[in-house]
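J.: Using the hints, position chain B against chain A.
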Amino acid sequence: MKKAKVVDFSRGEIPPPDGKGKIGVVEAMNPSDVVRLAHVSNFSHIVQKDGMAFENELKTAEAMTENVMQFLKDPLSVIFGPQPDDQPRANMYVVNPVTEKKTSTLDKFEEFLKSIKGARRIREQAILVADELYTNAMKIGHPHEKMSTTQFAREGTVEFFAEHDGSRLVLGCRDSFGELGFSQVLTRITQCFDKGVVHSINNGDGGAGIGSFMVFNTCISYYCGVDKGRATVVCVALPLGVADTDLASLPKNIHLVAA
Amino acid sequence: MSEFKSQTIEDSANLTLQFSGTIDEDVEFPAVPAGKYGTITLDLKGIKAINSVGIREWLNWIRPLAEKSQFVLENCPKAMVFQFNMVEGFLPPQARVASFFVPFYSESADQEENVLFKVGQEVTADGGTISIKYDPKAAKLGGVDDMEMDVTEGKYFQFLKRAT
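Same order as they appear, the protein sequences are chains A and B. Here the first sequence is numbered in the working numbering, starting from 1 and rising by one per residue. Here the second sequence is numbered in the working numbering, starting from 1 and rising by one per residue.
Chain A extracted, bound-state conformation (with noise of 0.2 Å):
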């Protein structure tokens, strides 16, 4: 098991020169710094001091880097710690062939979103996340088709999950492929904080190139986990309770770990 170096900036402690498993305090950083230093910086983690839960977030970083594993078989239990006895936290999972269409998940999702208490001021947005999270995953799916149709699909499933504890709602998705890479999503993300979303829309087949940044955009942490040939866990945290407009400014973490 990695031990999960701490790096703080705010302190003015010096980085290493690879940044790699080790985890980057930060404060009152604009979200697409916490993109670009993560991107050069190749640390796994970027968390800011005056953010959400910052002592859970360090945790959560801590516990990504020292067991991969574990955040890609149940990312949940990672990021809220383990489900409690008494109060079990409210979720929902749906697994599915990656030929099944999105529709009923995000229909299901949209319900237990009308179950928790504070979830109305970000509905619009956390249903545009789980929208891009299980796109993304099914696409991979569908290299060489329109996912209407399965003529040409891959065998695999996309897993959809979301828990909250009152304060953060969670929710992401896991695939059986494994193929996420980070420096595309970064490079991804940069371009549409420095060119703008429709100056940096893909044109050609496949994706528009812009939905992690909208996903980014919208969560208060982005959680990443891959382990290559094997899955992927793309994950956010939304909080609960705050007014939808104002989630783009909110403090911002990043985590990228790999198998």
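Rather than coming from a laboratory, the hints here were simulated on the basis of the structure. Incorrect hints may have been included.
So the derived list for chain B, only partly shown, Cβ under 8 Å to chain A, looks like this [stated by the list, open to error]: (1) V27; (2) A49; (3) I55; (4) E88; (5) E112; (6) E113.
Each computed DMTMM-like pair below joins lysine to aspartate or glutamate, with the alpha-carbon atoms no more than 25 Å apart [claimed, not checked]: (7) A:K117 <-> B:E113; (8) B:K161 <-> A:D246; (9) A:K20 <-> A:E179.
For every residue, glycine included, the Cβ atom is placed at its ideal position computed from N, Cα and C.
T.: Just chain B now, with coordinates in the frame of chain A:
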């Protein structure tokens, strides 16, 4: 999440399109000949959600049409207003938002209401100044007296500064 649908109402010079459902990778916007209509009105009341591929399809559809016709957007739901504010260029410069929904919430009754704000009536935009002319108490919204706007005013109405 429901399938995208479009209904067409046409008169000699103007076209009204009523959209409903989800704007995503399966969307098929109606074919409209560029320049045929002086004004194209989009009624977006039934739109439930839009994703990133939907944004691309929307832009590819609306931008060439908006160069030759005036666009008026009516009954815009919160999911669309969110994109107006987040994606610069989502609203073409030639498009005007005529009305949109604003969420209100009562803590005591745990009740939500969406109020249609018509630009020029419930809300006005004079250059960079937005003025709200709607009082939920006076309107007895939802039959309770503690309804409050459930969005951050300065941010939710931001698109009006460039789209009226």
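J.: Hints first: check each against the structure and report whether it holds.
T.: Results for each hint:
Hint status for B:V27: violated, given a least beta-carbon distance of 12 Å to chain A, over 8 Å. Interface restraint check: B:A49 against chain A, minimum CB-CB distance 5 Å, threshold 8 Å, status holds. Given hint, B:I55 at the interface with chain A, holds; its Cβ is 6 Å from that chain's nearest Cβ, closer than 8 Å. Taking 8 Å as the C-beta cut-off, the interface hint given for B:E88 holds, the closest approach to chain A being about 5 Å.
A distance limit of 8 Å between C-beta atoms decides the matter here; for B:E112 the minimum to chain A is near 6 Å, and the interface restraint holds. Checking B:E113 against chain A by beta carbon gives a least distance of about 11 Å; that is not within 8 Å, so the hint is violated. Using a Cα cut-off of 25 Å, the hinted pair A:K117 and B:E113 holds, with the two alpha carbons roughly 16 Å apart. Restraint check: the Cα-Cα separation between B:K161 and A:D246 comes to about 18 Å, which is no more than 25 Å; the hinted pair holds.
In summary, the hint linking A:K20 to A:E179 is supported, as the alpha carbons are separated by about 19 Å, within the 25 Å threshold.
In this structure, the earlier hints numbered 1 and 6 are contradicted, and the remaining ones agree with it.
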